[in-house]
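Going down the list, the sequences are from chains G and R.
Residue numbering for the first sequence follows the working numbering, starting at 1 and increasing by one per position.
Residue numbering for the second sequence follows the working numbering, starting at 1 and increasing by one per position.
Bear in mind the hints are in silico, worked out from the structure with no lab data behind them.
A portion of the hints provided could be inaccurate.
Covered stretches of chain G (chain R as the covering partner; in silico rule of three or more C-beta atoms under 8 Å from a C-beta of chain R) [to be verified]:
| id | region |
| --- | --- |
| 1 | 97-107 |
| 2 | 116-130 |
| 3 | 133-147 |
| 4 | 311-318 |
All C-beta atoms in this analysis are idealised placements derived from N, C-alpha and C, irrespective of residue type, glycine included.
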Amino acid sequence: MISRRRFLQVTGAAIATSTTLAACGDGGASSGGAKASGELTLPTYKPFEGLHPDFPGAESGLEPGFLKFPADAISSVKAPPLKSAVTALTETFATPPPPMGSNPMWQALNSALGGELKLTIGTDPGYPEKFATLLASDSLPDLMWLPPNQGIPNIGPMLEAKFQDLTKYLSGDAVLEYPNLAALKPASWRTAVVNGKIWGAPIPSTPFGQVMMGNPKTWAKVGGLQCATADEFFAKCKELSNGTNYALEPAIINMLHMFGEWFGAPNGWRVNQDRSLTYLYETDNYKAAVEYAAKLWAAKVFYPDLNLADATPKTVNGQIAAQVTVGPRATSDFRNLDPTLFVDTMIPFGHDGKAKPTYDMGYGTVGFTPFKKTDEGRIRELLALMDYLSAPFGTKEYLIKNFGVEGQQYELDAGKNPVLTKAGNTQAPGLVSALQIMNSPESVIFNPAFPDDTKKVYATEQQLLKYAMRNPTAGTYSDTSSKLGPKLTAAFRDTIVDIVTGRQKMDAYDAALKRWKSGGGDKMRDEFAAVLPSSVPVTGS
Amino acid sequence: MRPIWKERPSPGYQAIKALVLGGFALVIVIPILVVISTSLASDRDIIDAGGYVLWPSHPTFKAYQTLFGGGLMGRAILVSVFVTLVGTAIALAVTIALAYATSRPVLFGRPVLLMVLFTLLFAPGIIPMFLVVKQLGLLDSLWSLILPGALGAFNFVVLRTFFMNVPGELLESARIDGASDFTILRRIVLPLSKAVVAVVGLFYAVGFWNAFFNALLYLNDTSKWPVQVILRTYVLQGKSLSADQLGVHPPSQPQSLQMAVVVVALVPIAMVYPFLQRHFTKGVITGAVKG
Chain G
1 MISRRRFLQV TGAAIATSTT LAACGDGGAS SGGAKASGEL TLPTYKPFEG
51 LHPDFPGAES GLEPGFLKFP ADAISSVKAP PLKSAVTALT ETFATPPPPM
101 GSNPMWQALN SALGGELKLT IGTDPGYPEK FATLLASDSL PDLMWLPPNQ
151 GIPNIGPMLE AKFQDLTKYL SGDAVLEYPN LAALKPASWR TAVVNGKIWG
201 APIPSTPFGQ VMMGNPKTWA KVGGLQCATA DEFFAKCKEL SNGTNYALEP
251 AIINMLHMFG EWFGAPNGWR VNQDRSLTYL YETDNYKAAV EYAAKLWAAK
301 VFYPDLNLAD ATPKTVNGQI AAQVTVGPRA TSDFRNLDPT LFVDTMIPFG
351 HDGKAKPTYD MGYGTVGFTP FKKTDEGRIR ELLALMDYLS APFGTKEYLI
401 KNFGVEGQQY ELDAGKNPVL TKAGNTQAPG LVSALQIMNS PESVIFNPAF
451 PDDTKKVYAT EQQLLKYAMR NPTAGTYSDT SSKLGPKLTA AFRDTIVDIV
501 TGRQKMDAYD AALKRWKSGG GDKMRDEFAA VLPSSVPVTG S
Chain R
1 MRPIWKERPS PGYQAIKALV LGGFALVIVI PILVVISTSL ASDRDIIDAG
51 GYVLWPSHPT FKAYQTLFGG GLMGRAILVS VFVTLVGTAI ALAVTIALAY
101 ATSRPVLFGR PVLLMVLFTL LFAPGIIPMF LVVKQLGLLD SLWSLILPGA
151 LGAFNFVVLR TFFMNVPGEL LESARIDGAS DFTILRRIVL PLSKAVVAVV
201 GLFYAVGFWN AFFNALLYLN DTSKWPVQVI LRTYVLQGKS LSADQLGVHP
251 PSQPQSLQMA VVVVALVPIA MVYPFLQRHF TKGVITGAVK G
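For reference, chain G alone in the conformation it holds in the complex (with noise of 0.2 Å):
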């Protein structure tokens, strides 16, 4: 089983190294991508008008929040978008749908559509082989979601080569046309932008990263999760663990994440004032968190099973008091498992009191929806879909899309929020994944059996937004990242996670900092730093 304890996961350094594999903001160094995206426009942002959150969502990143969902849902498209059948390749997360023909829900979505929507759906992990077979095939189906950071390599060629330029459609003003597509940000759709050309809707997700949860009944004991000091932190999971119990998940490289926003380390790479580029593993910040990760195993506070799949089960009943999660909304898998439980997010603070910590803010996407090359007719069509399936929380189109029809799907609650039916649970997952993963609008805080978790959520994402940092190079694109940016991640966090639990000394550091650099570091760094856009700040400034 590939667990995402213990392989690759989403800190800082994979979104560096891992999963800048092609989102390619910029384009690829040799085509002169990085200057013909500067010249581009990007899309007119326009929010959808009509829907008033609870809590208004910024420009920063900070979702909105809705405490139930809007009464009397409106209406963001026209007209039903297609005239003819269209294929579809993309991917669920969850089990898959009941097919076609017999799910009433994809049925009743594909008559709100006005034609049958055709996905072939790829299962997880899986999809970059069978994206690569389709396309040397030559037999794409007329739309193919192109994740950003799933190791498909040459993006910027593969594209001209195969795929629609829809630049003219959807630069400036071009976008108002379709009023669901304008109202996703300009930071989404740079996700989409390489070569200098727009080649299909953003799919947003949230753009939070990730954040250590703890069960406030077991931290209670020690004064709460909170922390203002490392020395603290410690002292309180000292505490916490007794041989039976204990303070930590044993994901290793997910809490050094954690360690290293308090030692201030960079997200990915920091930008220093003469522009140049230095690594997350080439700073004294990152450093020390691994002395101090090492400090907390040799005090015995880690879940001593380092292949421990998942944490979540443990901190519900107390076993293990504090794990890492994907983001601040994650507080939900909690309430999954015990209705009663609500978890602490902790709050990342300077490790001596002091100096300032960081927040390292995820990727925001999870990529764009290329089409196959078409005529002019067609790509009009297929816009109009994207339209449609992009339609912000709140509208008609949403509830079709991802809870069906009332009454059949889905019912309304006591507080009008809409639940799935026995049937909606079964026929709507799968399909809602698969569907959710090529077309998102942008995210939104929901919680419609705990409304007062929205609430605590959002003051959460407050509160992490200001010390908030995002990887300078997302967006961007090298290739050796792409193909060797995995295996030197891999091979210097084995190195670390030995460090951590005692098997390897402090100066084995240097030597896997050194073979990382020459194994591929330095030359990341060179055609990180060729492309990096202008607007990017430098680091700490």
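Place chain R on chain G using the hints.
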């Protein structure tokens, strides 16, 4: 004095043996028991145990009801059974025929053919295979799971080696009696090779039952997916590396549901073993001695 192996073992020695063997048995039985127990456990049991459950205090069939409620699992079992039965039958027929033909010295061009077959030991790339499957028109058809794997080079080598050890005199005498090659194969060679055929058949069956990757590549229609693909999606949901990198985060399936899928995927093929085990041991020993 009797030789030492004819002495009655001392009770102490017996006890040690029982302890060691019992220990090994436990090492094998406990994980399976845990899987089955967890599949029957309630949410409360799972949280109390922090994940895996050794003995559910509130047993429930909820996980199985959920699993078969969607309809996908029932079909997947049928698909897997079909692919395994038909696939094994076809694979055995093809392999036996080829192994018999190449085991006879009279075959024309045998070295060349063997050289070609030798290359089968090396797996082809994903894309060449996909192109072949596509051009044969097998995409989205269950035959795409059966035909590409119908000849396993390793199994072919095992069978051929076995057939070559059938004494030539037997076959000659049959030929003098007027038997055709087909009759010789059916009446003489196969009855002598039951054990090895059972073993190779089991290899094929387990291979077909466990295969999932081809299904991911060649089948677009989810109703044609075999059990293993479903197993994989249930167990990996919410835990995969790429989902984390993308920041999409569907909640993991309940532990009980994951283990229920494991049970469903495990039990049918495990049930085949007791019936074939007799041949299995014999087959392996025969191979070992005759080398």
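Tested hints:
no. : hint    : verdict
1   : 97-107  : holds (count 5)
2   : 116-130 : holds (count 10)
3   : 133-147 : holds (count 5)
4   : 311-318 : holds (count 5)
When held up to the earlier numbered hints, the structure conflicts with none and fits them all.
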